[in-house]
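Student: All chains should be built: construct the whole structure from the sequences, respecting the hints.
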Amino acid sequence: MTALANIFLRDMRLSVRLGGGALIGVLFFLIVVTLMPFAIGPDLALLARIGPAILWLGALLASLLALDRLIAADYEDGSLDLILMARVPLELSLASKALAHWLTTGLPLVIAAPLLGLLLNLDPTATGAVALTLLAGTPALTFIGLIGASLTVALRRGGLLIAVLVLPLAVPVLIFGVAASNAAIVGPVPFGTPFTILCALTLMSAVVGPFAAAAALRHGLE
Amino acid sequence: MPLIDLANPTRFLTLASRALPWLTIATLAAFAVGIGLIASAPDDYQQGATVKIMFIHVPAAWLAMGCWSVMSIAALGTLVWRHPLADVAGKAAAPLGAAFTAMCLITGMLWGRPMWGTYWVWDGRLTSVLVLFLMYLGVLALWRTVEDPARAGRAAAVLTLVGAINLPIIKFSVDWWATLHQPASVLRLGGPAIHASLLTPLLVMALAFLLLFLTLHLAAMRNEIMRRRIRAMLVREAESAAQ
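In order, the protein sequence lines correspond to chains P and L. When the letters of the first sequence are read in order and numbered with my numbering, they come out as residues 96 to 317. When the letters of the second sequence are read in order and numbered with my numbering, they come out as residues 15 to 257.
Some clues are possibly wrong.
[As the list claims (entries may be wrong)] Output of the computed footprint for chain L on chain P, the stretches with three or more beta carbons under 8 angstroms from beta carbons of chain L:
| # | segment |
| --- | --- |
| 1 | 254-261 |
| 2 | 265-276 |
[Claimed, not checked] For each label pair, taking beta carbons as the anchor points, the in silico distance ranges come out as:
| # | chain 1 | residue 1 | chain 2 | residue 2 | range |
| --- | --- | --- | --- | --- | --- |
| 3 | L | N22 | P | M299 | 37 to 43 angstroms |
| 4 | P | P137 | L | P128 | 35 to 41 angstroms |
| 5 | L | R245 | P | R313 | 40 to 46 angstroms |
Honestly, the hints are just simulated from the structure, not real lab data. Here a beta-carbon is modelled for each residue, glycine too, at the ideal position from N, C-alpha and C.
Tutor: Okay, here's the thing in structure tokens:
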């Protein structure tokens, strides 16, 4: 237990300190959302209608950014070997790494989303719905990303490949995240139906992600 | 013959080279019969001659999903049973699956233009097949990026199994969208909804496509074993030259 807590605290500390780049994702999120009105025009009614989709897309892309450092940094400095050899199950170590990663890169996106909702002319209900779906859905993105990061850890050009591998797997999360946000705004489906499925996707990826990532690391680094 | 006997690549190569000519002949014969049946099949009363696109589209769609199943079984063979030929089978199936998926998408688009009035709609069925295509390309990209074949095989196996969980979810999630593509009409409760004059050529074509897949898969596996032998020889040569 202390080992897991130590991994968690170490990853938290590394990402908030100088060079960790925890807030670059939020900055990227802000830029993506700002670019949208330039591309589709400052039509406030249209922006309000597609706002949830823009926020979800921005969050999805921003969560991809930090993935290539999630495991590769530990691989380069050798601490991944220690984690692999430790008596703590690799699955749990990876899960605590993913948790720390989500708290430092996913949660800031969720907190930033209501502010960006103002730029997109979202009303308070819509803003709340998007923030809630992001809170429930971004952990799934991190756990799916964990698989991609583990598969590409020892590759020289892993960063691009992660996006190609992870984005198709993230399609259901995106569909149900946007569906739940839209259900809260315009209906006709009640908000709870897609939202509970989104939560189910998150719980499922929290199980599948660490196991698949651990399998990829064990088989890939021997 | 138990599957473990095929673990010896040399024995597998012997078997493959014995089976390939017969499979090729059977494939050509099935295609000849199938195309003959298609030529004599009646046009649909609504769709006219475009209904004949279905005879390629539907078998390609079945194989697009079938190839991922083959890859998933091969992935289990790699990770669980450590069967030496499992990752060869998985690697050989991936480009075939991508090609069948592309064929399914392209024929569907050609049919959709006159029938639906558009090449593409963001319908549930179409979208999930497109995501399947992207996932095939992801597996191919992973195979091409990792240099060592054994390591690439294990990475691709993990990705294939995660994809196998993900595909039904995508299928289910996009069905929430309004759909234009017709539901299943051959494999359904209460028997096929297609008239026998169209169903017979369809099933013959499905058999022909299946034989085509088996032939190409066996040939691709044989090529992959040869390619690995050449690679091993080159590595050995480079090592002896360096000393």
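Student: All hints, please: hold or fail.
Tutor: Verification of the hints:
1. With 3 residues having a beta carbon nearer than 8 angstroms to a beta carbon of chain L, the segment 254-261 of chain P meets the requirement of three or more and the stated coverage holds.
2. Here the segment 265-276 of chain P counts 5 residues with a CB under 8 angstroms from a CB of chain L, which clears the bar of 3, and the coverage holds.
3. Between L:N22 and P:M299 the CB atoms are about 40 angstroms apart, so this pair conforms to the stated range of 37 to 43 angstroms.
4. Our hint of 35 to 41 angstroms for P:P137 and L:P128 holds, since their Cβ atoms are close to 40 angstroms apart.
5. Range check, L:R245 to P:R313: about 24 angstroms between beta-carbon atoms, so the 40 to 46 angstroms window is missed.
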